[in-house]
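> So the chains spell out like this:
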Amino acid sequence: MTEPLLRVDGLAVSYRTRQGSGHVRRTAVEGVSLELGRGEVLALVGESGSGKTTIGQSIIGLLPEGGRVEAGSIELHLAGRPVDLAKLPARAVQELRGRRIALVPQDPGSSLNPVQTIGASVAAPLRIHREDARWRDRDSIRRRVVELLDRVGLDDPERRAGQYPHELSGGMRQRALIAAAIALEPDLIVADEPTSALDVTVQRRILDLLDELRGELGSSVLLITHDLAVAAERADRIAVLRQGALEEAGPAREVLRAPATAYTRTLLADAPALQDVAPRPARAAGPNAAAPLVRVEGLVHEYGHGRDAFRAVDDVAFAIERGTTHALVGESGSGKTTIGRAVAALHAPTAGSIRIGDRDVLAAGGSPWRRDRSIRRLVQLVSQNPYASLDPRRTIAQAIGEPLRNWGPAEGGVRDRAALARRVATALDQVALPADVAHRLPRELSGGQRQRVAIARALIIEPEVVVLDEAVSALDVTVQSQILELLESLQRDLGLTYLFITHDLAVVRRIADSVTVLRRGAAVETGAAERVLLAPEHEYTRALLDAVPAPEWLRPTPADDRRSVDDRRAAHDDLRLEVA
Amino acid sequence: MSIAVRRPQQGGQQAGGPAGRRPAAPRSGTRARALRRIGQAALVVAATFVLAFLLLHALPGDAIVARYASPELGLSPEQLADLRAAYGADQPVWVQLGLSAWGFLTGDLGTSLQTGAEVSTLIAAALPPTLALAGLGFLLAAVLAVGIAALATFGRWEPLRRAFRSLPPLFVSIPVFWIGIVLLQVVSFRLGLIPVIGANAAEQLVLPVVTIAIPIAAPLAQVLIRAIDDTLAEPYVAVARSRGASAGWLLQREVARNALLPTLTIAGVLFGELIAGAVVTETVFARSGLGRLTADAVATRDIPVLQAVVVISAVAFVVINLVVDLVAPAIDPRLRKEVRA
Numbered sequence: 001m002t003e004p005l006l007r008v009d010g011l012a013v014s015y016r017t018r019q020g021s022g023h024v025r026r027t028a029v030e031g032v033s034l035e036l037g038r039g040e041v042l043a044l045v046g047e048s049g050s051g052k053t054t055i056g057q058s059i060i061g062l063l064p065e066g067g068r069v070e071a072g073s074i075e076l077h078l079a080g081r082p083v084d085l086a087k088l089p090a091r092a093v094q095e096l097r098g099r100r101i102a103l104v105p106q107d108p109g110s111s112l113n114p115v116q117t118i119g120a121s122v123a124a125p126l127r128i129h130r131e132d133a134r135w136r137d138r139d140s141i142r143r144r145v146v147e148l149l150d151r152v153g154l155d156d157p158e159r160r161a162g163q164y165p166h167e168l169s170g171g172m173r174q175r176a177l178i179a180a181a182i183a184l185e186p187d188l189i190v191a192d193e194p195t196s197a198l199d200v201t202v203q204r205r206i207l208d209l210l211d212e213l214r215g216e217l218g219s220s221v222l223l224i225t226h227d228l229a230v231a232a233e234r235a236d237r238i239a240v241l242r243q244g245a246l247e248e249a250g251p252a253r254e255v256l257r258a259p260a261t262a263y264t265r266t267l268l269a270d271a272p273a274l275q276d277v278a279p280r281p282a283r284a285a286g287p288n289a290a291a292p293l294v295r296v297e298g299l300v301h302e303y304g305h306g307r308d309a310f311r312a313v314d315d316v317a318f319a320i321e322r323g324t325t326h327a328l329v330g331e332s333g334s335g336k337t338t339i340g341r342a343v344a345a346l347h348a349p350t351a352g353s354i355r356i357g358d359r360d361v362l363a364a365g366g367s368p369w370r371r372d373r374s375i376r377r378l379v380q381l382v383s384q385n386p387y388a389s390l391d392p393r394r395t396i397a398q399a400i401g402e403p404l405r406n407w408g409p410a411e412g413g414v415r416d417r418a419a420l421a422r423r424v425a426t427a428l429d430q431v432a433l434p435a436d437v438a439h440r441l442p443r444e445l446s447g448g449q450r451q452r453v454a455i456a457r458a459l460i461i462e463p464e465v466v467v468l469d470e471a472v473s474a475l476d477v478t479v480q481s482q483i484l485e486l487l488e489s490l491q492r493d494l495g496l497t498y499l500f501i502t503h504d505l506a507v508v509r510r511i512a513d514s515v516t517v518l519r520r521g522a523a524v525e526t527g528a529a530e531r532v533l534l535a536p537e538h539e540y541t542r543a544l545l546d547a548v549p550a551p552e553w554l555r556p557t558p559a560d561d562r563r564s565v566d567d568r569r570a571a572h573d574d575l576r577l578e579v580a
Numbered sequence: 001m002s003i004a005v006r007r008p009q010q011g012g013q014q015a016g017g018p019a020g021r022r023p024a025a026p027r028s029g030t031r032a033r034a035l036r037r038i039g040q041a042a043l044v045v046a047a048t049f050v051l052a053f054l055l056l057h058a059l060p061g062d063a064i065v066a067r068y069a070s071p072e073l074g075l076s077p078e079q080l081a082d083l084r085a086a087y088g089a090d091q092p093v094w095v096q097l098g099l100s101a102w103g104f105l106t107g108d109l110g111t112s113l114q115t116g117a118e119v120s121t122l123i124a125a126a127l128p129p130t131l132a133l134a135g136l137g138f139l140l141a142a143v144l145a146v147g148i149a150a151l152a153t154f155g156r157w158e159p160l161r162r163a164f165r166s167l168p169p170l171f172v173s174i175p176v177f178w179i180g181i182v183l184l185q186v187v188s189f190r191l192g193l194i195p196v197i198g199a200n201a202a203e204q205l206v207l208p209v210v211t212i213a214i215p216i217a218a219p220l221a222q223v224l225i226r227a228i229d230d231t232l233a234e235p236y237v238a239v240a241r242s243r244g245a246s247a248g249w250l251l252q253r254e255v256a257r258n259a260l261l262p263t264l265t266i267a268g269v270l271f272g273e274l275i276a277g278a279v280v281t282e283t284v285f286a287r288s289g290l291g292r293l294t295a296d297a298v299a300t301r302d303i304p305v306l307q308a309v310v311v312i313s314a315v316a317f318v319v320i321n322l323v324v325d326l327v328a329p330a331i332d333p334r335l336r337k338e339v340r341a
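Protein sequence lines correspond, in order, to chains A and B. Each residue of the first sequence is one higher than the one before, starting from 1 at the first, in this note's numbering. Each residue of the second sequence is one higher than the one before, starting from 1 at the first, in this note's numbering.
Next up, chain A with everything else stripped away, as it sits in the complex (with noise of 0.2 Å):
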């Protein structure tokens, strides 16, 4: 076998933290070995904080402040011979920068300077690494820029070149960073996340991007993510790690197909895209079939005045029975979140009617300023930032009693203090967090923990619905299969009726009873979930189903599907017992 490109040897990686009134060095990563070949890509693909970020950094030297790599080297092999990263003076790894690595970020949204037009953004390597004797002079600069923007499948790309960041989309925004980075064709490209930002559609074709451009450059990839996916898809090794160390790597398929360890295991059991489920069975008709929970009808909902108005919902329609769970399904700017606070009586649409049960909706809420409050007993919201929806400084005893203090008694409400301490208590004890927690803050848990307190806050004044509103998208793939089970079991045990919001197709499958498919605000499809995800009849819901990213050979086999639920929940739950 040819030399690798990239020898990664036992290397460690420390960061200085604060720690009471001086510092103390906090190991973040500790004897990873990795190598990537030549043209080849490499996934290193982890939870948070699982040291994944950290590894792409000290390859490309750029370890944020107080990080400092403590061992081990970090062999680049170009032509001649190679070199030592870890130990290169600054001045020469800067030199290697945007030349021979380059990095594709992780959120094109705030990776562009917004203040430089795309073209000077695209320009920057060529401008910063002038030694190169074809890029001297501005009208060769240009030129190259141009060709670089129309290589990344920019449209028009002598305007684009000239428009700035925030005249493009997220998709754009990523093709021009992609083409900033190719621009000196480097040996080797570190991706970190590119595209955990983006719609699936979109990751799609951007993945597709970069596999074609690897292909062509002869560049390696660094693909650094967390979705597991996205790497059973597009690397030809992976490398999974936990908490800082190596838990296995190898070929994809012999890791994904058979993994080492029971950690890996559980990655791929927890990957909604991966698992192998069928969407739920549509029920049999009850009673309550033809009288719907929820009801919305003809909602649209337009931002803005007169010429300048912006249709954000667009005549949509759905129905919710009791005890069920409806998904909005969209990419960004779909409207899907709109519905929701819109349903959640947080603000009043343009037109169209909501109904829970015998209530309007929009009569009681809608407003801030109206006086009926009762309609927040009947439904309530959970949004998909638990860190920023807690009050940082109050415990979680007090944000999970908080809505059963803003009623009187005779409304269910609690003000003694003795009463409100036991619902807490339930509260916590409803999703499983143990009782401690309610005097800690919100900065003190996980970002898992924060979400289940985020659910018993929605939950403590008994509302009929919950919408959740991305509510596990922001969660590391084990703790939203998690998160999803406490979902499922409360429903099973409160009746709760959920108008779950989500671009993720994966998790739809895995919870939705009936599907909404929006697109630019319109509803494209709407029907059972086992109707909708098998045997979708819109094209744009085939569209989104196929960019769900899942290689063929780890789609599950018809022979799964026979295994009953409880089965593989069984199976599930031993994995996570040998993990823990």
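One thing to keep in mind: the hints can contain errors.
As the list claims (entries may be wrong) - Simulated restraints on C-beta separations:
(1) Ala-32(B) to Glu-95(A): 21 to 31 Å
(2) Arg-257(B) to Arg-143(A): 19 to 29 Å
(3) Gly-215(A) to Ser-166(B): 49 to 59 Å
Since the hints were derived computationally from the structure, they do not count as laboratory data. No residue lacks a Cβ here, since even glycine has one placed at the ideal position from N, Cα and C.
Let chain A serve as the given structure and place chain B on it in line with the hints.
Just chain B, lined up with the frame of chain A:
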């Protein structure tokens, strides 16, 4: 006076797919916005005029009485009444307001009660030295602020960075008059570098300019340091570094323009500080100018002069902030068109 914080969010503003599909906002939109902004500015000046007029007239006793009623002058009550009539002080407040407003619009600022000179003549004499002081002071403040901020963020040696970071809070807490007095003591009396008497025009300016600059440089540097820190933490700076950018490149191409905007906003607000600073500085250094004129007018309750000074300060303040607002879109392209909700 509204101070808009110009930190638009990138992304998030297009609710319906690529913003590129929308045609660029027509020029007329920008012009309409500028006109609206100028209208607001005029309104602020008008409101200041009325408020200042009413406040000055609410002072107990009127200026005529203060000036002429002292027993040494021996004026009879009839003579006083005639004087009041001559100055229009016997008319209802709203008539006086109207007359005064008309006067300001036609360029007649009235006559000083104390000296009997035309207020416009007094102002014309006082304005140039103050403009020189304020202009140079502001320039020096800007240079100091940029220097301190650059060394505090891009300095090569950590103790140096830390030292420069602690300068602005120190400067902020020193009162203007104290700086003036200490500078005079040290530079003129101890070191004898600048003669107290018989200095030429340029020499006379040095100490007042330093005195007025320091309290403005300090908050400016604080805001600039903060803005640079914020910008350095932006992902696009990390991306630029990943392209091989040096510290110089980062400062010039990535950070400078982005950090300028919040600083510019604060600079406009600090201009008010400059007016207050001129009063103290001109008094401490015994310079003639608008500040000195103000101090004297306050002492003698010379209402027409005060009214003129207040209005001129308001006009200057409003114009500076108007310029800041109109310049901002040139720095940040995101401000060039209406941002939709």
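> For every hint, state whether the structure bears it out.
For each hint, the structure was consulted:
1. Ala-32(B) to Glu-95(A): 21 to 31 Å: Between Ala-32(B) and Glu-95(A), where Cβ atoms are some 50 Å apart, the hint is violated.
2. Arg-257(B) to Arg-143(A): 19 to 29 Å: The hinted range 19 to 29 Å holds for Arg-257(B) and Arg-143(A), with Cβ atoms some 26 Å apart.
3. Gly-215(A) to Ser-166(B): 49 to 59 Å: The hint (49 to 59 Å, Cβ to Cβ) holds, given that Gly-215(A) and Ser-166(B) are roughly 55 Å apart.
Checked against the numbered hints above, the structure breaks only hint 1 and satisfies the rest.
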